[in-house]
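> Protein sequences, first through last, are from chains A and B. Mapping of the first sequence onto full-length UniProt numbering: residues 1 to 361, in sequence order. Mapping of the second sequence onto full-length UniProt numbering: residues 1 to 550, in sequence order.
Hints were generated in silico from the structure; no laboratory data involved. All of these numbers come straight from a predicted model, not from anything done at the bench. We put the CB at the ideal spot given by N, CA and C, even for glycine. Among the hints, a few may not be true.
Derived pair list, reagent style BS3-like, types lysine-lysine, alpha-carbon separation capped at 25 Å [as the list claims (entries may be wrong)]:
(1) B:K360 <-> A:K164
(2) A:K94 <-> A:K60
(3) B:K448 <-> B:K476
(4) B:K349 <-> B:K360
(5) B:K148 <-> B:K476
(6) B:K360 <-> A:K62
Here are the computed distance ranges between Cβ atoms for each label pair [what the hints assert, rightly or not]:
(7) B:R217 <-> A:K340: 42 to 52 Å
(8) A:D332 <-> B:N366: 49 to 59 Å
(9) A:D332 <-> B:M326: 35 to 45 Å
(10) B:L354 <-> A:D332: 39 to 49 Å
(11) B:P234 <-> A:I149: 57 to 67 Å
(12) A:V217 <-> B:L354: 45 to 55 Å
(13) A:D332 <-> B:E14: 31 to 41 Å
(14) A:D332 <-> B:R465: 58 to 68 Å
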Amino acid sequence: MIEGPFLQTGDTVLLPERLGDLLGLDQFGLAGELLAAFLAAFIIGNLMLAMTGVAGPWAKRKITAAFTDRIAVNRLGPAGLFIIVADAVRLLSKENIIPENADRPAYDLAPIVVASSALLGFAVIPMGSGIHLADPEVGLVFVFAVAGIASLGLVMAGYSSANKYSMLGGLRAVAQNVAYEIPLVVTGMSVVIFTGSLQMSEIVAVQNQPLVDLGVVAIPQWFAIVNPFAFVLFLAANFAEVGRNPFDTPEAPTEIVAGYQTEYSSVYFVLMYLGEFLHIFLGGAIIATIFLGGPAGPGPEAIGIVWFIIKIWGVFLLTQWMRSAVPRVRIDQLIEIGWKGLLVLSFANLILTAVIVGIIQ
Amino acid sequence: MSTGVEREARELTEDELEALIGDRALRRDDHLNAPGFVIRPDDVQDVLFDLRDQAGFDHLSCLTAQQYEDRYESIYHLRKYADPTQEVSVIVPTSVDDPVSQSAEPVYRTADWHEREAFDLVGIDYEGHPDPRRILLPETWQGHPLSKDYDQEQPQVVTLTEHANPIQPDHHDEESDTMFLNIGPHHPATHGVLHVKTVLDGETVVDIDPDIGYLHRCEEQMCQQGTYRHQIMPYPDRWDYVSAGLLNEWAYARTAEDLADIEVPEYAQIIRTMGAELCRIASHFLALGTFALDVYGDFTAVFQYAFRDREVVQDILEDLTGQRLMFNYFRLGGVAWDLPEPREEFFEKTRDFLDGLPAKTNEYHNLLTGNEIFQIRCNDTGVLEPEVAKSYGCTGPVARASGVDYDLRRDDPYGYYENLEWDVITRQGCDNYARVLCRMEEVEESAKIIEQCLDLLEDWPEDDREIQANVPRTLKPDPDTEIYRAVEAAKGELGIYIRSDGTDKPGRFKIRSPCFHNLSALEEISEGEYIPDLIASLGSLDIVLGEVDR
């Protein structure tokens, strides 16, 4: 077993090890471990992609329709669920139109960067029921770092499309991500002060100790309960990070058509959108892990994954709600809110948390 | 009220007008609606400045250009914002060989677009015009379609290569930091096929140039080829085609009825008034929904709610007229048929809608105008000062939200409006927010009007329900009678000029579209602001390209 900063196991048993034990891959040494790791990554990746598949063509439509007094898809299969298959066929069979002046390698790579950066982040998220790919000591930093790579993809998409709307969208995306990533990380750090560890399993474990014991029910010290202020800040910054209302300026249909993804069609378009939804889910996963006790919930530990998915979908629902009901702020207002509002508040929160934690200990 | 307004509102007698214009008037050529003065082409600015500054004619309502056998003619239809019943026509004839006339642009900003249109379609050159380009037709078009020597049989196809390709030129030179951006003709926020040539400095709009005409369907020409009695009425439905149909039809009905001296029965006038206000509600709901769409950025709750509520109005209108969009319900001298049977059902349905309206308005206020983000987006953006609004000939909710108290339903009464209790809504905000609120409050006023109409219709004696006056089968107004009449349509003053030539078809049919004027002010209100504000301002002007391009 390799013991390094990136495969630190602690006392939790990670998915690759379980798979290794289950399939008897241990006997093949390093090759067996690698195979187990690939298998585990495959399972987690597909779980997330399947969720995105349900969310994009079906759930998003249904949720938005519910908010806006409509019915949405209801013809194919029960509650229109088979639209997922139909849409997959439709989107993949469309012609992939590439602009004449597109900067080729960048144009092709951008969707892949966007989608894969989000997928990478799930590697360190403890999803309960033993589904946890890796648990490095720097888990929280890792997840912020890989999620940040998406900005690179957006810029690449923006400039390489040879389209002015894409360019504007790409520039907006950078400005926005720079402005909101700092409050996001700083607010995340306040959790670290509280838990004393960057390791995801540790963060979850600390949150599951009881805050108040009422005899019948014990309220766990989920960070959202301990510091609701940080929770709200993080939620707000997260909306900007995933580019949803009121902060959907990088795409801003009606202003700059579709921003950085204006020129993308067919499979590239699917990848772009996949990346966006994965980012919303990753945002949900981070929020669930550092604020909502990860996979914790009533019932046996084995159903942790169910609670975890419910929490992610809760965040997803919130983004769709905002999308249906809240106007978009203007780009200059967005930057102002980021630098003058959220940044200041997040540092205040950090200091406040540090002081309180210092007093308690 | 300031003394200035009183002075402006004071009516000048014809003698005083004659004295003011003096010997610059070559002769009189009165129209049915107004005294007309014929002047020389090089006196245009002189006379118009005098009429504006000394007689208070601050509203260039319309400019009609036409060609006779022996001359071209530009007619400036002037009115007063303080009292639109005071009108004067300034007629400027020019020779056929050299049709050059002085531009009125320095006097009224709105003459800019009007004179471009007159040049484009009729072929009169305006000397001193700051921007003498075509406006509706492509730059490469040969000839002027409404002039006498134009060969209408010869089709002209403007190919993509011939037409200046809006995508091609970059307009970016090494020196400047600006970027040229084509917004439209295919863009999610242009509400149709509008093409806005934009120069950006970062995200700031430095300069815009709206390029219209993509939806030009020769509506004026088509109306000139139809007979007064029945063949013209279907066309107005197609100008402002989003549920304002009856309001448009009334513009033609009013003009033609005044031209042919037709009295409309009172009962029909009440039905007209009710139908028109229903259309106004539907149209304002659409404006509200699409404005929310522009600011929210997606087909969100407000948009869908607005469409849901508009659908109810649309249903009522369908019951009344038998059509959902192209009503064709008005006839000269009345309406096509009486209220649908059973009448009680129609009354109940309409009343149900009116009863539910306050709750809905409340919902919009909660969801939209009460939202802080919406407020920071809309307050103090797209500011249109009252004097600028007047200079651009803005009317309707756009002008009223800038504090210009101008509503033809009250100021130049027609239909049954005089006998009903309602208020003209004005707001002093001058910004996008004020325009939204103005429309929402107008919906409530329209509801009041409909309510009163319903009461009247319900109590109307059964043997006195006259829906149409006796109108001759063929209408042939006296030759060379000219008239300009306007009504308050959903977007503002919708005017029509008709010159009869003794036949059963108009000699010249000119449409004064409120959207045309309102859109021309876009440049004024959006330069120096951000792209999102340009989009929001465009939405708040509530234009329909079918009416802009005609």
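> Please go over all the hints and tell whether each is borne out by the structure.
Results of checking the hints against the structure:
1. At most 25 Å may separate the alpha-carbon atoms for a hinted pair to count; K360 (chain B) and K164 (chain A) exceed this at roughly 40 Å.
2. Taking the CA atoms of K94 (chain A) and K60 (chain A), the gap is about 22 Å. The hint holds against a cut of 25 Å.
3. Between the alpha carbons of K448 (chain B) and K476 (chain B) the distance comes to roughly 39 Å, so the proposed pair goes past 25 Å and is violated.
4. Taking the CA atoms of K349 (chain B) and K360 (chain B), the gap is about 16 Å. The hint holds against a cut of 25 Å.
5. At most 25 Å may separate the alpha-carbon atoms for a hinted pair to count; K148 (chain B) and K476 (chain B) meet this at roughly 22 Å.
6. Among the hinted pairs, K360 (chain B) with K62 (chain A) is consistent with the structure: their alpha-carbon atoms are about 24 Å apart, no more than 25 Å.
7. For the pair R217 (chain B) and K340 (chain A), the supplied restraint of 42 to 52 Å holds, since their beta-carbon distance comes to about 51 Å.
8. The supplied range of 49 to 59 Å is broken by D332 (chain A) and N366 (chain B), whose beta-carbon atoms lie about 27 Å from each other.
9. Between D332 (chain A) and M326 (chain B) the C-beta distance comes to about 43 Å, which sits within the given range of 35 to 45 Å.
10. The supplied range of 39 to 49 Å is met by L354 (chain B) and D332 (chain A), whose beta-carbon atoms lie about 42 Å from each other.
11. Distance hint for P234 (chain B) and I149 (chain A): a CB-CB separation of about 60 Å, consistent with the stated range 57 to 67 Å.
12. For V217 (chain A) paired with L354 (chain B), a C-beta distance near 52 Å keeps the hint of 45 to 55 Å intact.
13. For D332 (chain A) and E14 (chain B), the hinted distance range of 31 to 41 Å is not satisfied, since their beta carbons lie about 55 Å from each other.
14. One distance hint, 58 to 68 Å for the beta-carbon pair D332 (chain A) and R465 (chain B), holds here, with the actual separation near 60 Å.
Comparing the model with each numbered hint stated earlier shows that hints 1, 3, 8, 13 do not hold.
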